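Enquirer: Which chain is which? The protein sequence lines are A and B, in order.
In terms of the numbering used here, the first sequence is numbered consecutively and its last residue is 285.
In terms of the numbering used here, the second sequence is numbered consecutively and its last residue is 1388.
No false leads were slipped in.
Quick partial rundown of chain A residues pointing at chain B, CB under 8 Å, derived from the structure: (1) Leu52; (2) Val176; (3) Gly177; (4) Gly178; (5) Val181; (6) Leu203; (7) Ile249; (8) Tyr256.
Computed far set for chain A versus chain B, every beta-carbon distance over 10 Å: (9) Leu79; (10) Ser125; (11) Asp141.
According to the in silico footprint, chain A covers these stretches of chain B (three or more CB under 8 Å from chain A): (12) 1121 to 1133; (13) 1143 to 1151; (14) 1204 to 1218; (15) 1244 to 1251.
Quick caveat, the hints were computed from the structure, so don't treat them as lab data.
Bear in mind that the values here come from a model prediction, so they are computed numbers and not experimental data.
We put the CB at the ideal spot given by N, CA and C, even for glycine.
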Amino acid sequence: MKPNKNKNKICLTLIRLIGVTTALMLLSGCKPATKEVFQDSLLQNPSFRVHLISREISNWLGVRSYIEELEQHESEHKLDIEEKTLVRGRRIAARIVEQAIALYPFSTDWDWELHVLESDIFNASCRSGGKMIVNSFVLEDGRFDDNQVAMVIGHEIAHALLEHSRADLGRLAVAVGGGFVMSQSFKMGRMRWDTVSNGIQTLSLPIGRKAEREADLLGLALMTKAGFDPVQGASIWPDVGDVPVGSKISSRLELYESSHPSDRERFEFLSKTAAKFEQLKAVNK
Amino acid sequence: MSSIEMSPQVIFDLPADHCKKWLSEGRAIWLKNPILFLALSLIVVLVRRNLDSLTYDYLILLSYFSDALLFAWLFLGLKNRTDSRVWSLITAGGRSLKGRIFRVIFTGVWGIPAAITSYFIFLFAPEIIRMVVVLNGDALVATCLLFLGLCLGGIISLLLSLLPVLAAIQMARDPFATLQSSGLWAYRGVRAGLRPVTLLFIVLLSSCLALNFIVTFVIGHIPLEALSDDNQNWFMQTLMESQLTLFLVMNGFLALLYPMVSDLLRSADQDLSDEIFSDTDKKVQGDAFWVFVLERAGLALRSLSVMSVLFLSIYAVFEGYDQAAEWFVYSIFSYLWGGSFKKSAHGWRQGLSWWIRYRFLITPIAMALLLVGFFALFDESGDESSTP
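Working from the sequences, and respecting the hints, build out all of it.
Expert: Written out as structure tokens, the structure is:
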């Protein structure tokens, strides 16, 4: 009987090995194609998310907060911008929006809009529903060329198309809301609740950094399809990345506490990807 | 007073599967009195919400006193009622508390050391992790540590938040209980139920997240027609601070209270039974527990002092002397305060004068006055120098 038992053991081991190998092969087959490749189908399949907030509500919140922000800026006369700066921003955005609608048909219904805010800070945003605010620092003549501005606007539009704020809201509502319930149950009060809430938000920062990389990739693809130069666009990062971080402790904490990847990492990734996009564009021609 | 030699040791540990028993018993209790638990949960949630939304953060501490009364009433009502009617429960609870209501409410004071400890845990845990990042530079390790820190802080907070509840119920059910002895009973109860209570925390946290997932999905899919432009803030607050989930979790906690507290206090009874300690000994044993608490608090503050010295060194190396000076003040403050706790413990053990026994309260007040005076003087001189 012993040889039979041994045979059975060997058979079982073999079956397990085959099973594991097949599973691994299947899994490797399921692995998404590398994101460095410029494919429309790939761009329409961002990483899997369960949406706890409906698209309608997400857009409603985006539009509401946009209106509130505009009203506030208007009362402070921060929207009184030179006509040519506004026209430049809208011209660049329009070319990218055209590509965005082609790739993401659900955004056809969005009432796309862009305003320029007078500010010396490098910043821009695009909310769900296609509402954009770009700081005058980005658009004023001479600082950045059209390709670089397209990189910034493309990145922000990508956030809106990939519905990052919608996903963030659902995720934070579960985590922060859960933390709130526990803190109330333990009678922690607002004082300690703030610490817990900050902790939960810090825990979600790696997801935020991943979202930034996704937006970088899609933004680059959108601007390339809109006819801008991706290599030149990616070159914006060394220009804006020269901002001093602060103390040594702040610079060491940057990777842990920042919602964005480091400027160096973004520049390296975008430069490599932009070069590939450029090659593919040449082949397609 | 005779010297106190006793050191509280736990001799009775409840197995983890008690959690399952509590859950099934809690479910049966809730199903028998759904209206009572729904109403009581609503009261608890509303009281906390109102206290928490007032101007001062620390007013939430008042809910320790309201909870002490409500929880003791519920426990004694469930224990002593003669039939299954809600009214019978309310009257039985009221009768059992007769003549002891204010003492029971005052037992909520045990919530204050519990709140302060968990405050320090949540204050220092993220700071320690930041320092790990500064020294180690690995964000992933730090994120994992933060997750563990939050979970561990949550478990400790839950265990600590049970202390005033158990103390209030002990005070309510034992006519010979004192403030200190009820604290001792509560401590022994929590220690005895460490395993099932921790498991219960994990169950509560998981159900809380699962419930919040469902509640978020439901709120997140309200038809847009039902929302007007004015109620955006209401919507966001409802989403992020789900009172509905809190209400549901509170129902669960209240239903679990009777089986859980019964077992925990029964363990403490066996540990501290009358065969070992007579009622007249409770004063001495209560004082022994006081000594135990003061010694541990002193040790914790001295540890904080050491940690502050570590932070001070890190800031001195990486940042400069401004932040380092702040940590220097913390280290001195926590060192001196910790020392005062130790002196107080010694005072209680030896039955010395009140001046020494309450040194742990006098020292921080004196130091705070000294600091206020120093800053007032400093500000005044600063104003003078800035005058043209």
